[in-house]
Structures are given as structure tokens and as C-alpha cells.
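Asks: Residue strings, one per chain:
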Amino acid sequence: MDIQNTQSQMRKGVLEFCILSIIRQGEVYPSDIVDKMKAANLHILEGTLYPLLTRLKNAGYLTYRWVESNSGPPRKYFVMTETGLTFYNELEKTWNELADAVQALTQPTEGNNNNQL
Amino acid sequence: MKKVININFQGRVIPIEENAFEILNKYVESLRKFFANEEGRDEIINDIEGRIAELFGETLKKGGTCITEDDVNRIIDSMGRPEDFDDEEANVKSQLGGEQKQQSYQHESQYANTTQEAKKLFRDENRKFLGGVCSGLANYFGIDPLVVRILFVIFFGVTFIPYLILWVAVPSTATQVIGSVRKRLFRDSDDKVIAGVCSGLSQYFGVSVWIPRLLFLIPFFSFVFRFGNWGLWDFPSFLSVSFSPGSLFIYIILWMVLPEAKTSADKLEMKGEKVDLNNIKNTIQGDLEGFGKRAQKFGEEFSQRANQFGQTVGEKGKEFGETVAEKTTQFANEANTVTRKRSGGLGNFIALIAKIFAYFILGCILFAVVAALFSLGVLFTGLLPAKGYLINNGLQTVFTWGTLLLFIWVPVVGVVVFIIRRITKMKGNSNIIRWSFSGLWTLGWVCVICLIASLSKEFKYRNNPIEETIQLSNPTVEKLEVKANSFGKYYRRNNWFQIEPFASLDEDTVFVRNVRIRIVKTKTDSFSVKMVKFSNGRSRQNANVLVSHINYNINQIDSTLLLEKGISITPQDKFRNQNVLITIAVPIGKRIVIKSNSGWDWSHNARVSFGTNDDFENAWDSDDEVEQRWRHDVEYIMTKDGLKRTNQLSNSDDEDDYDSSDKLRNYKKSKEEVQKELEETERKANELKKELQTPMPADSSTYKYQPTKPSKQAAPVKNTAKEYSSNGNALMLRYSI
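So the protein lines, in turn, are chains A and B.
Residue numbering for the first sequence follows the working numbering, starting at 1 and increasing by one per position.
Residue numbering for the second sequence follows the working numbering, starting at 1001 and increasing by one per position.
These aren't lab readings, by the way, just hints derived from the structure by calculation.
For each residue, glycine too, the CB sits at the ideal point set by N, CA and C.
No incorrect hints appear here.
Distance condition first, Cα-Cα at most 20 Å in a straight line; then the derived SDA-like pairs of lysine to any residue:
#: 1; chain 1: B; residue 1: K1026; chain 2: A; residue 2: L45
#: 2; chain 1: A; residue 1: K38; chain 2: B; residue 2: L1055
#: 3; chain 1: A; residue 1: K38; chain 2: B; residue 2: D1084
#: 4; chain 1: A; residue 1: K12; chain 2: B; residue 2: E1038
Quick partial rundown of chain A residues pointing at chain B, CB under 10 Å, derived from the structure:
#: 5; residue: P30
#: 6; residue: G47
#: 7; residue: L49
#: 8; residue: K57
#: 9; residue: N58
#: 10; residue: S69
#: 11; residue: P74
Same shape as in the complex, but just chain A (with noise of 0.2 Å):
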């Protein structure tokens, strides 16, 4: 039990940048955010997706615009905003300085093996 604890909360942190970064390549709906996600096997169910996404967008780092679609109701499609990119780009720094002390820690010092992890 305690490892999935663990695990979830090491998904949790990088989960907001992880959207934020699908959707600042383009203008993306969720169920696109979704299907990418699990492309690079990042699983997210749609019900956590959803209420992010409300809350990223009140707190004015998204916008969003309807789009009228054929096979259903509108679809919402997101795009990142200014202060948007900037809280991005706050995070891509801190994300890089995680990467780099994570690989900096994990890698094997003189003596020690690599099936220490």
C-alpha cells in the first residue's frame, strides 16, 4: 500500500506540467489531453482532467474557445495564455532543476552498483 502511495504522489506533482506541455504545443480539447497522455503513458482519467483544467483556467493561465462539431455537442479547446507560459516556464525551470538532482543522486557513485535502485 505504501508503495502506491509513493507513486501517486510523485505522478501528482508532475501532472500539471505535464498537461500544461500538451497544451502549449497547440490548441488541444481534453479528450485529445487524455489520448496523448496515454500515448507517453502518462494515465490520467478524464474526471481528474476536467476540474484541472477549470481550475488552471480561473486562475487565468488557460482560456478557451467553442467549437461547433458534427458528431456532438461543442467542444471546448484550450490555449495556454501569457501568464500562462510564464507559470509554465516557472515550472519547466523547477522541473529541470528536479531532473537534474533526481539523475545527479541516482547515479552510481565510485563503488556503488547499479542494482542499488
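Given the structure of chain A, go ahead and fit chain B onto it with the hints provided.
Replies: Then chain B, alone, in the frame of chain A:
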């Protein structure tokens, strides 16, 4: 075979099996419950439903006739159930600053805040000497507290008041670290007489309830007793007029502005106690009687909630709840000990007294400022009745109203609101308010300037002054008494407000005491009186017209000259500096007295002057002439050199008795008398001398009294030189002064 129903889902008609619909419904309900506290709950649910509708559409397109139970379940799985959201949700919430219902999170985040806000100005409770002001300042500026303390002590006279103010206004670290709330200003509805304003104030300032009540009520009493002098307590006039409406005004504003302390938390905030469960317990005990131990209760509550959560979440929630409960028990114990430490100690008591004092002074200063501003407003509102006589209709009226409302009242209201907001730390669009008040006040300035400009136009020109000679019925009297004609009209005094020289204000006339008297000498042997009328106006013609409207009568009855008290002005004419100058020519050797009737004082003249542009000004307006320096009720006699006082004073209670010229006069008088006495005795001495020198008749048949001759008398007394000289001195003393 299953029943299929049609539902209107996101604007489309979807055929769906009935039990599939039930499942869908339940799912949406669970989502609603889960996002109950979320800010964008409806939007989120809408989005999710929209996605579901899309998926339904795809399913139907693929060839299904209706949505089945399997379809629904599949879709719900892919969307995710609320239980599954939870792990991912919780952290994201706190990242984006979502609302936390759990107090522990609150406290933790406050801890984080204090470390971030280390550079805010606060009073350092841990390193305090008196009130921690110097420590806090030192911390804020990054210098040694000792330096700050030394500075404060050196400039004690100057820094004393700021110290008190800072002590009162700056929050202490205690409030931040322990996680309590600062005292807030509420209306205390439990302890109210009218609206609990005074109670709330007393709670905030930490004074007894009757102090603010008294402060509000005293002005009411002063208003009632305005017309009596309280012996030594003569209230200055602006206080009497403005204090009472002022305090009512302030009370009403506070009533509207202050929030009522409804919940227990509010009541605790009002009293300034820490809003943690210990005190809530105390309060609720008073209300409901009996609760368990605080820490246990908190732990119980929390573990209860954790259990609820645990039912839907599972083991994880319970564990979490337990650790939090642990933390909070530690935390609450800490808080308890700190409270015990703080209560007690003489230093704290002194600090409390000083705090009360400081609050009181602050309150008084604020009150005085507001009262002064308010009185200014009242003053100008009181001038309103006179408006009709000064202002033409039309543009000027607009300017007047604009001036009154915007220039005078806007800053009053603005300052009052500002003060209240500072006291209660009310949030709001302070920028908007500030800008709107400034804007209105600037508009008021514009109005004032326009008003003054347009008024000055009205007063620009003076009339052609013409001297009229008044016929006296008996110009050769010995003495002339000048009196004011007081019968015939009843002048209602405007009790509430009075400005000289607008003695009385009716609907259709105003009465102005603009009369000046000059006394000059004449070479003839009869009195003569001349009168000149003045007025200003828009143009010279206008001024002349206004002058012709001035109605002023002078009559003589025996030895009394009756003048009218003042000039009456109609609203059509408007007040334009109408005044009358009377010149009384007194022959040499004749006397004149100017009586003062009650309230008739010559020294008040209404002058509105915007610069002089008339040749006649100098000839008539020299107030420095000696002829105009006379006093009421003093009899004067005209001599070659001008007016002189006669010895008698018609009214012995005249305050003129005590001026230096009188003293001089008295001194001179006694000197004269002494001179006279001297002459008298000299005369007597001479007579005696003559007698002594006349030879005595030789005939001694008749006994004649022989006056003793000084020399002979002196002979037998030649005994001692001393006695001789002393006798000589005595003699000399007798004959000299």
C-alpha cells in the same frame, strides 16, 4: 427485453436503457457531491457531461440503436469515479490554493506565511522590552534593536505619541505564529442598547462599556443645555452646535458599517481572543453547557471526519487523519502554555493601561477631527438661508450648491469613511473610493472658484455717492443723543445660527447693520447731519439703482437723534455691500453721546471687497480718522482740538473705564487737586505773613489779641537747637505741601 427512454442530454436526444440511465444519473450525482466545494463545480460537471455525450454520439454512430448499460459502465470507467480522483485531486487542490476544510492545513499554510512575511512590520513579542515596537522596527529595517531603542529614548518627547500609535496599530507576532486572528471591530448585538455600536467599540478598545456610551451621550446633553452657562463650562459655540448632530451622525455611520458579531467565531474575534478550539469551547460552554476536553474533542471530530472519509477512501484517509490529530494536540498544548505565560505580570498590566490610554487618546483625536470637519460643514449649511440674498439665480445657484456639497461635505464624508475603514481594516475597492472622493472634491474646488469669480463680478462697481443733508428740526440744542430707533419692527433673532451683521433673516427681507457714524467739527453753532449711501453692483447703473432702494431714516426729537438700526434688503436687490455713512457735525462747545442699545454694535460692518476701483473710496472710507474713534455711551464735548470726553460718564458700568487714558485722566485729576490745595495753603500762608508784618497799633488801651509772632514764640523755645529746628520744621510743614 429492456425499457428504453429518451433523454435530453447536453442538448441532444439520446435513447438509453432505463437502468443504464439510472447508473448514469447516480454517477453524475456522485460527481456533484465530490465537487461540492469546488469553485467551478457546475462548469466541471458540464464538461464531463459533454464528454460523455460525445462518447454516446460515437457509440450511436458506430451502429448502436441505444446506449446500453455496458456502454455507460465503460464510459464511466474511462472517465473515472470520484473515489479514483481523490489521490490526484487532493494535491492539485492545494497546489492551486483551493479551499481547505481541514484546519491543520490552514495552520500549516499560516506557518509558511509567517516565514515568507518575515519582512512585514510587526511587533516582536518575543524580544520585547515594553511593547515590542522597537524590536519589530529593528527587525523590519534589519538593524540592531538597541539602536532603535536609544533613538526612541533620546527623542522621547517626539517619539512618545508615535510609539503609542505603533503599539496599538501594529500587529504582534503572537497573532501570526500562534495562528490567531487580530481583534476586529464588530457590533456587539448581545450587549446592545440601540444597535450595539458602543458595546462593539468598547470590546475593541478594551474599555468598559459605559465609556463610549458616555462619549456619545455627552454632546446630546450639551445641546440641550446650550443656552445656559455651566458656570465654568461654557462650551465653545461650534461644539454646542455641531457636537450633538455630529455624534449622532457618527453613530449612524458606524451602525451601517460595522458587521454584527453573529457566529461564535465572530464574537471571539470581537473580543480579541484567539480563535482556536479552546476558546470556542469556552464560549459554547456558556451557551450550551458542557463539552469534552479541547484536544480530545478536536481529535474526535477530526477522527470522525477521517472515518467518514475513510469509508469512501479507505485506510489511507484514516492514517492521515490520525497523524494530523497528533500534530494539532501538540500545537494546542503549545498555545495553551503560551497563553498562561502571557497572562499575569505587572509589566503586562502597565502595558494594558497604557494601551487603553493610547486607544482613548486616538479615539479622541479622531473624534475631534471628525467633529471639526463636521462643524465646518454645518457652518456653511447654516449660511444657506442667506443664500437668497447673495446669489443670483441660475448659474450661481448651481455653483453654490456645488461648493457646499462637493467642497465642504465630500471631504467630511470621505475622511469619516476613511477613518472607519482604517479602524476596521475593511477591504474593498479602496482605489475606486479614493479616486471618486478626490474627483468629487476637485469638482468642488472648481465650483468654489467659479462661485467666487461670479460673485466678484457682482460686487465690482460702486455707485456714485451723493451726500444728502438731513434737516434737523432743532439744530441748536446743547447736546445731542444719538439712539437707535427700535420700535416699529420686531427683529426675530435667528436662534440657531447668527452671523454679524445679518441680524435677522425673514423670508422677504434681511436686515443688515451696515451703518457708520463719523463725528466732525463745525464752525457754525448748530448741529448738522449728512448721509451718504453706498452700494456695489454689477455695473455703475446697477449700483445706483440699488442705492436708491436703500431706505434709511433719521429723525430728531428734542435732543435725541433717532437713527434706524440698519438697512433692510430685499431678495430682488440682493446684498451688495449696501452701507450708510453718517457724518454728524458738532459745534464747538456742544456735547454728543452715542447710546448703545442692546445688541447694537457699530463695529460690525459687512464688507465684501474684491479690490477697489473707484475714486471715491479714499474720501469716504478712511476708518482711521479720529472722528470715528468714539465709544458708546460716553459723552463727548467738541473743543477746538477735537472731541474730548467730558468728566461725567453717562454709564458707569462702561467697560471703557479701564483703559489707560482714563487712568491718566484720574492721575491728572488728583494732581490738579493737589495743585489747588497747594495754592490754597500758599495763599493762607501769605495772608498770615502779611498779618504778621503789619505793625501793631501802639495803643494798648484796648486789649488786643496779640498774635504770637513766630520769632518771639521761637525765643523761649531756644533751649536746644534740636527743638528749635524741629519746631521750625513743624512750622514749615504746616505751610507747605
